[in-house]
Amino acid sequence: MFAYVVRRILATIPVMAVVALFVFSLLYVAPGDPAAVIAGDQATPDDVERIRQSLGLDRPYLVRFGAWVFDIMRGDLGVSIFTNLPVVTMIQQRIEPTLSLMVVTLILAVSIAVPMGVVAAWKVGTWMDRAVMGFAVLGFSVPVFVVGYLLAYVFALELDWLPVQGYTPFSQGFVPWFENLILPAIALGSVYIALIARITRATMLEVLQQDYIRTARAKGAGQPSILFLHALKNAAVPIVTVIGIGIALLIGGAVVTESVFAIPGLGRLTVDAILRRDYPVIQGVVLLFSFVYVLVNLVIDLLYTLFDPRIRY
Amino acid sequence: MNRRDLLRASAAAGAAAALPRASFAQPAQNRVLKMVPQANLTSLDPVWTTANITRNHGHMIYDSLYGMDAQFRPQPQMAEGHVVEDDGKSVTITLRQGLKFHDGEPVRAQDAVPSVTRWMKRNPFGQKLDTVVDAIEVVDDRRLRFRLKRPFPLLFKALAQVSNSPAFVMPERLAKTDPFQQVREAIGSGPFKFKADEFNSGSRVVYERFADYVPLPSGTPSLTAGPKVAHFDRVEWHIIVDAATAAAALQTGEIDWYEQPPPEIQELLRRNRGISIEAIDPLPLTGILRFNHLHAPFNDKKMRQAILPAISQEDFMQAIVGTDPATYFTNVGLFTPGTPLANDAGMGPLTGPRSIDRAKAMMREAGYTNQPMRLIGPTDILAPSALTQVAADLVRRLGFNADIVLTDWGTVVQRRTSREPVERGGWSMLLTAFSSFDFADPAAHFPMRGNGAQAWPGWPTVPRLEELRDAWFDAPDLATEQRLAREMQTVAMDELPYVPCGSYLSLTAIKRNLTGRVPGLALFWNMRRT
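Protein chains in written order, with full-length UniProt numbering: chain F, 1 to 313; chain Z, 1 to 530.
Take the hints with a grain of salt, since some may be wrong.
Unchecked claim - In silico lysine to any residue, SDA-like type, Cα no more than 25 Å apart, as pairs: (1) Z:Lys128 x Z:Glu85; (2) Z:Lys121 x Z:Asn56; (3) Z:Lys100 x Z:Glu85; (4) Z:Lys128 x F:Thr44; (5) Z:Lys121 x Z:Asn52; (6) Z:Lys34 x F:Pro45; (7) Z:Lys34 x F:Arg50; (8) Z:Lys176 x F:Leu85; (9) Z:Lys176 x F:Leu99; (10) Z:Lys511 x F:Glu158; (11) Z:Lys176 x F:Gln172; (12) Z:Lys195 x F:Thr44; (13) Z:Lys176 x F:Pro45; (14) Z:Lys195 x F:Glu158; (15) Z:Lys301 x Z:Gly426; (16) Z:Lys34 x F:Arg52; (17) Z:Lys128 x F:Arg52; (18) Z:Lys301 x Z:Leu269; (19) Z:Lys34 x Z:Asn513; (20) Z:Lys128 x F:Arg50; (21) Z:Lys302 x Z:Ser418; (22) Z:Lys34 x F:Thr44; (23) Z:Lys301 x Z:Lys195; (24) Z:Lys157 x Z:Ser90; (25) Z:Lys157 x Z:Pro215; (26) Z:Lys121 x F:Gly40; (27) Z:Lys34 x F:Phe174; (28) Z:Lys157 x Z:Arg96; (29) Z:Lys511 x Z:Asp494.
Claimed, not checked - Stretch by stretch, here's where chain F covers chain Z in the computed footprint (C-beta under 8 Å, at least three residues): (30) 170–182; (31) 218–232; (32) 381–394; (33) 410–423; (34) 459–471.
Honestly, the hints are just simulated from the structure, not real lab data.
Remember, predicted model here, so these are calculated numbers, not experimental data.
Glycine is no exception: its CB is placed at the ideal position from the N, C-alpha and C atoms.
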């Protein structure tokens, strides 16, 4: 197992190299010039060129790429063209809100969606099943930002129970931290809940038809025990796979959610950087996201062994 | 009072028991002002970049030798006064006593000289000043001297300039930075200190009142002139990109001021009696339609003139601010309505009944034979986006063979620098808007420049406009300036470096319990909570 983990971690290196090459090349050919944005309307073409030179944007592709890769290998993601801050610092400033949002969303989504899916499978064909499926369709169909606006309108503007926007660091207390995250997490989690609930239902329906479930019933096992100990554990592999895949959904959705709720996370940092053509920041954040994807896949693979002892690496 | 306020109040009451008596004079929350600015603050150097938000940041933390009052008259600010000698060729400025930078160091002439020198390398008004400066000398710690090749009547106006990148004074060690590089610290001598440790670009910018700031002892706050007295201990800029969220935050009291709500949000906020919707600047911004003068079809003056009968400034303005006529101006020429140089010379082609048919006939007379043209514009900035939509409709109705390319602003900024013809990725027409200060006089008014290759994208060559502009810099009095302004407008409306599309007020949403706001920009001195 240990050797497998090491192998998988080493395998991230070529993946990250390809991502780095792809991101850098894409930005190189993309339209937009940060020097023109910085120089502003009053600048002469010479001014823009001088700024371009000072930023190193006039250097050839290979030279720029080589310098960037060399810096990355030293753990240096570069400096933001606009803020003059190291990209690492900017990511550090933004990683906590995004991580918090994703963790709360994940916990919320799994703790709601899995029981929902289990209940829907158990009560298949009843109104409970239809209600769960109806919710799932709604969750898929309504965009995250609409859910966000609705939640903010009801719970912040009308009822005044929760803040409209912003983020309070965990270090300033659990309650204010959670108060700021609950609405965004529900908004972001709505699609995720729908996805996991549907997969859980479908997988559970299949598992509940298996012989060993009939055997468990024959042995006198109670319904909760059958559902959660016998069936759910055997249905866990596809569910965990979907949870893993869904993390990509979460990262994408976080961009919108962070904008709607003014959470200073990595999603908004990415969008802001793209709009300004802040190349070092875009490259740094995309690399980080790619690394997270690779890592999540590894964790999911390892979790398989926990739920299904037959799987060995 | 709602549930959260009650809980907060209870908690505050408990905590208050432990506070010293002095703190009761003004509750802590009243000493903090929270505002959603017009954009994210990315760069901190107002000389390096011309972004409006960076200029506003500059006014928080820096001070300038001269301030500009609402009547566009320069007034001493950091300067105690000046002496003009040698027939106007020597100007000695004396600094006020007791001025300090935020790092505790005194402000000296040794700081002011490199600050002005660096600013002169980047700012167009400064660049003009640079051409007549022989030297700027340090006389002693409190005095600096401009030695000029010839008198420059607008020297103080230049030093007081409000439009992008004003002549702020920085510590000498920072002011000596290459003007094409950013300064590494944000240290000024203005009424607020920048909290670098709390800066999170894209989320929050924090300022603290500078206790050692010495405001002018007398006078009335007016634009950037007069005493700058900070009544808030702390000012926080919260970057909220989503307009609905910012509006909701204003309604729930999470913020006090929303600088630039879009029109549909303004309507919503008007219903809240605790919020005032007012013009942030009594003077309006101006929209423009810019031609590319290098290539067909608009390298032909007759083609540029042909579309004038179809231009309705009202249509353009209503697309930005809605139908309330109190919020926009029509019959707008070269200069900002309400400023001394605004006039009506040469405006005939833009007034009177509008006619698409007449424009089409003029296009035919000008020899338009379906040459391709490209309109470029942004989708992510309110005013230029709205202006571009109106223009897109217009060029279609006029029958142009038009390619309409809408992208994000970053792409437009790059694409507009292309001097290539349309078939090689160039452009023919773009629309954008400029602040009241940019168009208040010819100094910062770069779309009116006719200096060809050196001009703002569009590159018109109109030597007469350049001559008139040069003459304006030497104008001895306002009457001469106004005469030259009329002439400039007459020439511009004939040559059409651009077409004015009207002017509009930028409305802001602010809590009614905030008083003393200085009109013009998002300025934070003199403002207090009642």
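Here's how the hints hold up against the structure:
Between Lys128 (chain Z) and Glu85 (chain Z) the alpha-carbon distance is near 21 Å, which keeps this suggested pair within the 25 Å criterion. At roughly 20 Å between alpha-carbon atoms, Lys121 (chain Z) and Asn56 (chain Z) fall within 25 Å of each other, so this suggested pair holds. This hinted pair does not check out: Lys100 (chain Z) and Glu85 (chain Z) have alpha carbons roughly 29 Å apart, beyond 25 Å. Using a Cα cut-off of 25 Å, the hinted pair Lys128 (chain Z) and Thr44 (chain F) holds, with the two alpha carbons roughly 14 Å apart.
A hinted pair counts as satisfied when its Cα atoms are at most 25 Å apart, and Lys121 (chain Z) with Asn52 (chain Z) qualifies at roughly 19 Å. Annotation: proposed proximity of Lys34 (chain Z) to Pro45 (chain F) is violated, straight-line Cα distance about 38 Å (limit 25 Å). With a CA separation close to 37 Å, the supplied pair Lys34 (chain Z) and Arg50 (chain F) exceeds the 25 Å bound. Between Lys176 (chain Z) and Leu85 (chain F) the CA atoms are separated by roughly 21 Å; this keeps the pair inside 25 Å, and the hint holds.
A threshold of 25 Å between alpha carbons decides the hint, and for Lys176 (chain Z) with Leu99 (chain F) the separation of about 41 Å lies outside it, so the pair is violated. The suggested pairing of Lys511 (chain Z) with Glu158 (chain F) holds, with an alpha-carbon distance near 19 Å, which does not exceed 25 Å. Restraint check for Lys176 (chain Z) and Gln172 (chain F): not satisfied, since their Cα atoms lie roughly 41 Å apart, outside the 25 Å limit. Taking the CA atoms of Lys195 (chain Z) and Thr44 (chain F), the gap is near 33 Å; set against the 25 Å cutoff, the hint is violated.
A C-alpha spacing of about 23 Å is found between Lys176 (chain Z) and Pro45 (chain F), which places the hinted pair at or below 25 Å, so the restraint holds. At most 25 Å may separate the alpha-carbon atoms for a hinted pair to count; Lys195 (chain Z) and Glu158 (chain F) exceed this at roughly 35 Å. At most 25 Å may separate the alpha-carbon atoms for a hinted pair to count; Lys301 (chain Z) and Gly426 (chain Z) meet this at roughly 19 Å. Among the hinted pairs, Lys34 (chain Z) with Arg52 (chain F) is inconsistent with the structure: their alpha-carbon atoms are about 36 Å apart, more than 25 Å.
Proposed proximity of Lys128 (chain Z) and Arg52 (chain F) is supported: the alpha carbons are some 24 Å apart, at most 25 Å. As the CA atoms of Lys301 (chain Z) and Leu269 (chain Z) are separated by approximately 45 Å, the hinted pair breaks the 25 Å bound. This hinted pair checks out: Lys34 (chain Z) and Asn513 (chain Z) have alpha carbons roughly 13 Å apart, not beyond 25 Å. Proposed proximity of Lys128 (chain Z) and Arg50 (chain F) is supported: the alpha carbons are some 20 Å apart, at most 25 Å.
Restraint check for Lys302 (chain Z) and Ser418 (chain Z): the C-alpha separation of about 23 Å stays at or below 25 Å, so the hint holds. For the given pair, Lys34 (chain Z) sits about 37 Å from Thr44 (chain F) by alpha-carbon distance, which is inconsistent with the 25 Å threshold. Restraint check for Lys301 (chain Z) and Lys195 (chain Z): the C-alpha separation of about 52 Å exceeds 25 Å, so the hint is violated. With a C-alpha separation of about 16 Å, the suggested pairing of Lys157 (chain Z) with Ser90 (chain Z) holds against the 25 Å cut-off.
Simply put, Lys157 (chain Z) and Pro215 (chain Z) have alpha-carbon atoms about 21 Å apart, close enough for the 25 Å limit, and the pair holds. Among the hinted pairs, Lys121 (chain Z) with Gly40 (chain F) is consistent with the structure: their alpha-carbon atoms are about 14 Å apart, no more than 25 Å. For the hint linking Lys34 (chain Z) to Phe174 (chain F), the alpha-carbon distance of about 23 Å falls within 25 Å, and the restraint holds. Proposed proximity of Lys157 (chain Z) and Arg96 (chain Z) is supported: the alpha carbons are some 19 Å apart, at most 25 Å.
With a C-alpha separation of about 46 Å, the suggested pair Lys511 (chain Z) and Asp494 (chain Z) falls outside the 25 Å cut-off, and the hint is violated. Closer than 8 Å: that is the beta-carbon criterion, and the stretch 170–182 of chain Z has 4 residues meeting it against chain F, so the requirement of 3 holds. A stretch counts as covered by a chain when three or more of its residues have a beta carbon under 8 Å from one of that chain; for the stretch 218–232 of chain Z and chain F the count is 0, and the coverage is violated. Residues of the stretch 381–394 of chain Z with a Cβ under 8 Å from some Cβ of chain F number 0, which does not satisfy the need for three, so the listed coverage is violated.
Restraint check on the stretch 410–423 of chain Z versus chain F: 6 residues with Cβ-Cβ distances below 8 Å, three needed, restraint holds. Taking a C-beta to C-beta cut-off of 8 Å, the stretch 459–471 of chain Z contributes 0 residues in contact with chain F, too few for the three needed, and the coverage statement is violated.
Hint compliance for this structure: hints 3, 6, 7, 9, 11, 12, 14, 16, 18, 22, 23, 29, 31, 32, 34 are not met, and every other hint is.
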